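Q: Position chains B, C and D relative to chain A; hints supplied.
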Amino acid sequence: MQYAAVTGIGQTQYKARRGDVSIAGLVHEAARNALDDAGLDWNDIEAVIIGKAPDMFEGVIMPEIYLADALGCDGKPMLRVHTAGSVGGSTALVAASHVQSGAFRRVLTVTFEKQSESNAMWALSNPQPFSPHLNAGAGGYFAPIMREYIRRSGAPRDTGIKVAVKDRLHGARNPLNHLQMPDISMQEVEDSPMLWDPIRFLESCPSSDGACAMVIADEGLANDGPRPPVWIRGGAMRSEPTMYAGRDEVNPQAGRDCVADVYAQAGIDNPRKQLDCAEVYVPFSWYEPMWLENLGFAEEGEGWRLTMEGATSLDEGGDIPWNCSGGVLCSNPIGASGMIRFAEAARQVRGDAGEHQVDGARTALGHAYGGGAQFYAMWVVSTDKS
Amino acid sequence: MSEDAGEHITAIETPVYLKYNFTAGQATTRFLQQVRQGKLVGQRRPECDCGNVYVPARGSCAACGLPTTEEVELGDKATVQSFTIVWIPIPNNPIQPPYIVANLVPDGANISFIHLMSECDNDSVHIGQRVEAVWKPEEEWDYAMDNIRYFRPLDEPDVPIEMIGKVPLAGWEGEA
Amino acid sequence: MSERLSQQFELGYTYTRSTGPIVGRFLTELRQRRIVGTRGDDGRVYVPPMEFDPVTASALDEFVEVADCGEVVSWCWVSEPRDSHPFDTPFAWALVKLDGADVPMVHAVCAGRDEMRTGMRVQACWAEETRGYITDIVCFEPEAQGKGP
Amino acid sequence: MKDIAVVSFAQSDCRRDAGACNEVELIMPVIEQALQEVGLRNSQDVDFTCSGSCDYQQGAAFAFVMGVDALGAVPPIKESHVEMDAAWALYESMLKITMGQAESALIYGFGKSSPGELPTVLSQQLDPYYLAPLWVDSVSLAALQARVLLDRGIISEQDMAAVVSRSRANAKANNPHAQLAGDVSVEELLAEAEWVAPLRKHDCCPISDGASAMVIATVERARSWGRPFAVIKGIDHRMESHNIGARDLARSASTELAAEKAGVANGAVEVAELYAPFSHQEIILSRALGLDDSTEINPSGGVLAGNLMMASGLSRIGEVARHIMNGDIRRGVAHATSGPCLQHNLVAVLEAA
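If you read the protein sequences in the order shown, they are chains A, B, C and D. Mapping to numbering that gives the first Met the number 0: the first sequence position 364 is 363, numbers consecutive. Mapping to numbering that gives the first Met the number 0: the second sequence position 46 is 45, numbers consecutive. Mapping to numbering that gives the first Met the number 0: the third sequence position 82 is 81, numbers consecutive. Mapping to numbering that gives the first Met the number 0: the fourth sequence position 111 is 110, numbers consecutive.
Keep in mind that a hint or two might mislead.
Below, simulated DSS-like cross-link-like pairs (lysine-lysine); rule was C-alpha separation at most 30 Å, straight line [said to hold, decoys possible]:
(1) K272/A - K384/A
(2) K260/D - K1/D
(3) K135/B - K38/B
(4) K1/D - K384/A
(5) K200/D - K18/B
Derived CB-CB ranges, DEER-like [said to hold, decoys possible]:
(6) R3/C - A190/D: 28 to 38 Å
(7) M307/A - G74/B: 38 to 48 Å
(8) A351/D - E45/A: 26 to 36 Å
Since the hints were derived computationally from the structure, they do not count as laboratory data. A quick note: this is a predicted structure, and the numbers were derived from the prediction, not measured. Just so it is clear, CB atoms sit at the ideal spot from N, CA and C, and this is done for glycine as well.
Extracted from the complex, chain A is given alone in its bound form (with noise of 0.2 Å):
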């Protein structure tokens, strides 16, 4: 396998709504700040990577399509992938992998969604006839799931309350972020309203609009721009079906394995110690301790400790801060979203994450999963290529 490095990254401003841009300028932006953070232009790129989820967001059918010009595509390669809510960092390996293979030397990959273009909830629940489910939204589907946690856990109450406020005060220190949060407190979580029990108000992620793009080279080009390259030390996905009879929905075995083969790539046998902080799809705020034990950060039953005594809060000084940049829970685009997670372990490890930086950060973990918690995608970046 070659080397390959993130040289570039670039995001946009997160928010409800981008008023001010069409899809095509939204995610040119995007493309644009990756391009000028790694001191490029359209004509370094050799491939183009696009991923996102469900087309009804925006309602433009395989819109890579109609994005060709706004993203430099005419006479290269385009791919556009969708693992539904893992997208954003299927979409990175994806990329990569046109590195690692040798077959291009500089590629460019961009996730976006657009999620003001109509109603997620609209678009998710979409009624088909004949459909033998009853349909309750995302909540409606992982609500039990955090229940069956706390029943197997013992984790107290306001373990998810806690995520909900730290992941928030993180957010404040990332002026990209859609939510700006910087006095929430406990109560106020706590008497946001009840939507699907255990997930609060102030639990679940905001809907936004946004895109996120980055630049992978190869090892002869991976000095060649103003930024340290990120060395990409590892890469895996894994899906399991939505349903079958005995699956472990809590603790998924695809969630398990895909980071056991990316941690085996990376060396790494101790996440807690070997990763200086990690980047969680964490899109409610129960799913912290739960992918704290299925990340091995913590032993099964264990995951809400670590949470509750502040070790993944940069504020309390934890030594493994999980979502610096505020995670999925004070932006969410979908699509971009477990990019972004990728995305923003790298500025962890090249060091410049601002104000949400971990100090002296190297290694860092990425991850994104999606569907019913059945599609993983993760990597491991750090300072060091080998």
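A: This is chains B, C and D only, laid out in the frame that chain A set:
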């Protein structure tokens, strides 16, 4: 028509409406035909080592990736695998919040489906609880899961956690 | 299978599309019955205005006003209009290169089947009430005699 | 990109309406067949699985998610999906193998186009401000392109009818899965009424439901399976501007470029399977690929005989591979397309091992 330039346009409304003629798949058709008759019927693949019974079956034993060819009639009794209390209304559904949406495993099946619970105290609903289907009057039956209006609690002992998803069609009470 | 369970359904939402400055300017001008394009990096004028140059991807911002009449570069005849089409009687789709533009645009032409030919002159037929949509141009029609460029 | 072996290929019949068949039920038979040809059980026996599909064909978000139910993905598998024709799922899989993270892969594409009105659905693939609100359908845009070729004298209506006549005859002779097959002369075809002039109905591919699947592997792994295989020697794909007014519609610049990068001209092309949904596009593509009379074009009948949208591109590659695996030919070319008027094109060169 005014010559005034008016406000600069920043947004447009774009209706995108497409018509489809949807046809249910074979497994769903078989399932809904039974639901139309007031019966919950699962499916399995007899050759599968796992022997798992899916309901509503989507066409395959998802673990093995092969068609579920055999029908297995299930009863009206089920076990609560997990649940949520929902505080927001479901579009086009008359049920008023707060209400219970539960993952229920019917006796004889090995997988849960999501349905409503009612005739219960929301605060006392719990994992492992026994429930039964309350069907609409026969004349209202259609090819739809809401032929079952909701599930309501049964006065039976709870199913131990490790047994959820493995309760045989004969039911649980006999083994309590 | 004893029975086939089929049902019509409509998948539909009304999307609120923010236009950004380039598309927004074009639509704002359309509402005034004026047509503008953008000049590409190679000097070609694109109508409707492209936001980004199709070759260099650079953001375009030089607007050029063009005429509301021009020439048919290619066309097809829709003998059986679809429900979604803007007309329910036969019409043409065409690539129309407006005077002052270098790149033709796709729009409808309403004319007799026998009138249609490549190179024909056409003129925009404006909606009675223009609202800032591409459909403010209802269609193009054959240009009146003697009204050439 | 490394040489990659195509070891098996399966395709369903092209049916105007697959009726009571959901995604899983469409996919399972072709996946099972493609795997069984190599003696594999399910996706557990390959290192990577990748698929191609489009939500809007059947009108359901996340249409591909149910596909995972057909894979036997327990324990979990390495899997990905492109919202594109499965030919691009093949491309992603080849990258995965070339980078060394897999030695074999299962690829599948599926589409149930029958529930909707496909040409209208595809109008919503176009620029959402300038074109989608006009509801310009995909057939009409292709007709604008055909007119450019006719006006410039590059082709005649006879040439277009000849493509259709040969497609139907080839489908009758060679393709049991075809939807449209039979003997029909150029004169008979030209006697039919125009539909979206200059296109007649027969100039346009039919709308079909179905799926196709393929197993690929490193050459070493393919050898170990002890079965005949074809080798993908070159593959490349290129995008063009979405603005059809800015393109020269009489040629396919992106196909020319992809053909050059894939090395089409490095040897004789005995067979070419081209994803040309409209008769005149077959001529554009043949010219872009530099093919002449020595190449047999679309022996399967191509997509004019049946178009499994989102699987047709993969099927073209599979058809060429099958000729090589059967020992009929030594070298062939396959092509896939996406977008209005051939906006995006993929070219693969396959050879005997």
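Q: Starting from the hint list further up, note which numbers the structure goes against and sort them upward.
A: Structure breaks no hint.
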